[in-house]
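We have chain A already, so just place chain B on it with the hints.
Below, each chain spelled out in residue letters.
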Amino acid sequence: MKANQARLDIAVGAFLLLAFATLMALAVASTNGRHNLSVEQVQLSARFSNIGELRIRAPVKIGGVTVGEVATVELDRESYEALVRIKVDSTVAIPADSSIGIYTAGLLGDRYLGISPGGDPESLKDGDEILFTQSAVVLEQLISKFLFNGQDDKEADQTPKSETEQK
Amino acid sequence: MRAFLVAIGETGWFLLTILRASGPRRDFLPDLLAQIYSVAVRSLPIIAVGGAFVGLVLTLQGYRTLASYGATNSVSTMLGLALYRELGPVLTALLFIGRAGSSMAAELGLMKATDQIASLSLMAIDPIAKTVVPRFWAAVIGMPLLCGFFCAFAILAGYLEAVYALGLDAGFFWAGLQNSVDLYDDFVVAFVKSAVFGLLGALMATHTGFNAEPTIEGTSVATTHAVVNGSLLVLVFNFILSALFFKS
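Protein chains in written order, with this note's numbering: chain A, 24 to 190; chain B, 18 to 265.
Only chain A is shown next, with the shape it has when bound in the complex (with noise of 0.2 Å):
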């Protein structure tokens, strides 16, 4: 009885130990893992006039190396235009003169904001504002807009072209 207890401890014993094991190494290997939770982060904001697909966690890029993620979306009820709050690893200083823009990966791949940074000496703080911004290219207006100017030409112009409508 004594040794047929001690086998059945050493079994669940191994088992759990090996368990534990089993989902750290699944953590690490097969998923993302956010550790930057301990990393200090600043938060930023821009005003797109339209943010295409972005959607809260999109990647936040510099020169395509991943610095933060996209904290929250809501509209300007004022403006009428998409405020993006985003989260950056305070540890990059982001000039003051830097631009942002919504870049797609690939050529339908999910949308992300990558910044373009300026010269500028002074660097962002918390609660700042990018105020150079670039608005998601949708592709319908592209292909529209490339269609419709294909008529255009055509027929010996009689409409100029719209040049109002901001992509």
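Honestly, the hints are just simulated from the structure, not real lab data. Ideal placement from N, C-alpha and C gives every residue a C-beta, glycine not left out. Each hint should be verified, as a subset may be incorrect.
What the hints assert, rightly or not - Here's a subset of chain A near chain B, in silico, CB distances under 8 Å, partners left out: (1) D32; (2) V35; (3) T45; (4) A50; (5) F155; (6) T156.
Stated by the list, open to error - Among the chain A residues that face chain B by a calculated CB cut under 7 Å, a handful are: (7) N27; (8) L31; (9) A34; (10) F38; (11) L40; (12) A42; (13) L46; (14) T54; (15) N55.
Here is chain B on its own, set in the frame of chain A:
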């Protein structure tokens, strides 16, 4: 309808009884360890083999479908998300209920039929605390751990098939997983789901077993009910939890 409501009420009451009887007791830990051994450790082979073959077939079918779009490198993304979000917790729960839930119900039914539960009461030992509580907590603790093994074996088998049989690149395989599987939204949710399924499966098994008719026939009916009702409950709650967790 009335019988259905009564069944829900009885099951909920039984859950409360289990929780109330879960207080500290002198031989709670040895009982719990023994039940973890018979419920979880001995389910490991079926979970491992089941997980490996689910991983193999998912990789194979995913590869065939994705190949027509030239996106075969996404096969690990599909494998990881399908496993962590739905298949891992649900299939583990179904295998676990078939393997361990049925034996729990049968054991308790037989204890009832052979008056062991009545004799525990005669000895002033709470039969629920002695027989039901260790089985219940062993399942709640064991299920997420078994789900971890299931997912690990499925991913490992998928990896071996993708890299060595289908000729995909090993780097793309792990990068696809690491880029798309979120630690909290996918991975942790899988184990929360799994613990809930463990609770549901163990609750149905112990409830039907403990309240079985004290006959041989009653035991067999209880075993059937434990597996059928437990599995259905898991599938229903899987939909509810998925709808709650994956809103966006």
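How the hints compare with the structure:
Here the hint on D32 of chain A is kept, as its CB sits about 6 Å from the closest CB of chain B, short of 8 Å. With its C-beta approaching chain B no nearer than about 5 Å, V35 of chain A sits inside the 8 Å limit, and its interface hint holds. Against a cut-off of 8 Å between C-beta atoms, the interface hint on T45 of chain A holds, since the closest Cβ of chain B lies about 5 Å away. Below 8 Å, beta-carbon pairs count as interface contacts, and A50 of chain A has one with chain B at about 6 Å; its hint therefore holds.
Interface hint status for F155 of chain A: violated, as the beta-carbon distance to the closest one in chain B is roughly 29 Å, over 8 Å. Among the interface hints, the one on T156 of chain A is violated; its C-beta lies about 24 Å from the nearest C-beta in chain B, farther than the 8 Å criterion. Restraint check, N27 of chain A versus chain B: the minimum CB separation of about 10 Å is more than 7 Å; hint violated. Evaluation of the L31 of chain A hint against chain B yields a held restraint, the C-beta minimum of about 5 Å falling below 7 Å.
Checking A34 of chain A against chain B: minimum C-beta separation of about 6 Å stays under 7 Å; hint holds. Of the supplied interface hints, the one on F38 of chain A holds, with its beta-carbon coming within about 5 Å of a beta-carbon of chain B, less than 7 Å. Given hint, L40 of chain A at the interface with chain B, is violated; its Cβ is 10 Å from that chain's nearest Cβ, farther than 7 Å. Among the interface hints, the one on A42 of chain A holds; its C-beta lies about 4 Å from the nearest C-beta in chain B, closer than the 7 Å criterion.
Evaluation of the L46 of chain A hint against chain B yields a held restraint, the C-beta minimum of about 5 Å falling below 7 Å. Interface hint status for T54 of chain A: upheld, as the beta-carbon distance to the closest one in chain B is roughly 4 Å, under 7 Å. Interface restraint check for N55 of chain A: the shortest CB-CB distance to chain B comes to about 6 Å, inside 7 Å, so the restraint holds.
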